[in-house]
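When we follow my numbering, the leftmost residue of the sequence shown carries the number 9, and every step to the right adds one.
Treat the hints as calculated values from the structure; they're not laboratory data. Careful, some of the hints might be misleading.
Straight-line C-alpha distance at most 20 Å; calculated EDC-like pairs for lysine to aspartate or glutamate [stated by the list, open to error]:
1. Lys87 to Glu101
2. Lys87 to Asp135
3. Lys87 to Glu24
4. Lys87 to Asp126
5. Lys87 to Glu63
6. Lys87 to Glu98
7. Lys87 to Asp68
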Amino acid sequence: MRDAPLELRALEGLPEIRRGDDLAALIGAALVRQGITLRVGDALIVAQKIVSKSEGRVVDLATVTPSARAVELAARVRKDPRFVEAVLAESVEVVRAVPDILITRHRQGFVMANAGIDRSNVPGAEDDLVLLLPEDCDASARRLRERLTTAVFIPDGVAPAVVISDSFGRPWRQGTVNVALGVAGMPALRDHRGGFDREGRVLQTTQVALADALAAAAGLVMGETTESTPVVLARGLDFSGPLADGRSLIRPPDEDLFR
Numbered sequence: 009m010r011d012a013p014l015e016l017r018a019l020e021g022l023p024e025i026r027r028g029d030d031l032a033a034l035i036g037a038a039l040v041r042q043g044i045t046l047r048v049g050d051a052l053i054v055a056q057k058i059v060s061k062s063e064g065r066v067v068d069l070a071t072v073t074p075s076a077r078a079v080e081l082a083a084r085v086r087k088d089p090r091f092v093e094a095v096l097a098e099s100v101e102v103v104r105a106v107p108d109i110l111i112t113r114h115r116q117g118f119v120m121a122n123a124g125i126d127r128s129n130v131p132g133a134e135d136d137l138v139l140l141l142p143e144d145c146d147a148s149a150r151r152l153r154e155r156l157t158t159a160v161f162i163p164d165g166v167a168p169a170v171v172i173s174d175s176f177g178r179p180w181r182q183g184t185v186n187v188a189l190g191v192a193g194m195p196a197l198r199d200h201r202g203g204f205d206r207e208g209r210v211l212q213t214t215q216v217a218l219a220d221a222l223a224a225a226a227g228l229v230m231g232e233t234t235e236s237t238p239v240v241l242a243r244g245l246d247f248s249g250p251l252a253d254g255r256s257l258i259r260p261p262d263e264d265l266f267r
């Protein structure tokens, strides 16, 4: 439900993010440059890559010694054994391993390609640098929201929701879509079970992945290649309801019907 037209606006002019950078301050500077004052009910969708960069989640594969398991798996999936070892270190389970594809369950619960480890848009990637997910995506979202809430450029009483997003493939559909990894300050999942449809029927299964939908919409503005706009302001969406973080979006393994 929306109480106003949904507005999505990319923040321009963010620099290349380095370890230790203050994302809240950089986001604030971008807001000021564009003449934007945050309001109650606003949300900021932030690309996972810049969060990971600011947290120093970079690994140099030159420092990685692959295990026997990584060497065997690398031959199967046709990937660098050092890269596969980095993936295994971030994972609790290998879900699928076929030529050119390695799907794992990340230790935070996400089922994704290569445990979310990536080389794209990572300066120095030609030197074997790869980027991991944040240590705890929900905790990162909470910290960023807390830092934003106390920043001098935000009016008193305004606390924007924060969504940390990343692009995911889908098993039965082509292409990638941005989803929410970390969420703070909004209901990531809105549960309508027990409510009623327009005909008065009781809703049995309806749960809306609100944070995923917001991340996907923001992805259209954020872009995936050379846009360099990794933060998007969302305005006009109804965020009412019990708060729920990104982990609420993860289907438990014992509910996976396709294993």
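Problem set entry | Hints violated by the structure (listed by number, smallest first) | 3, 5
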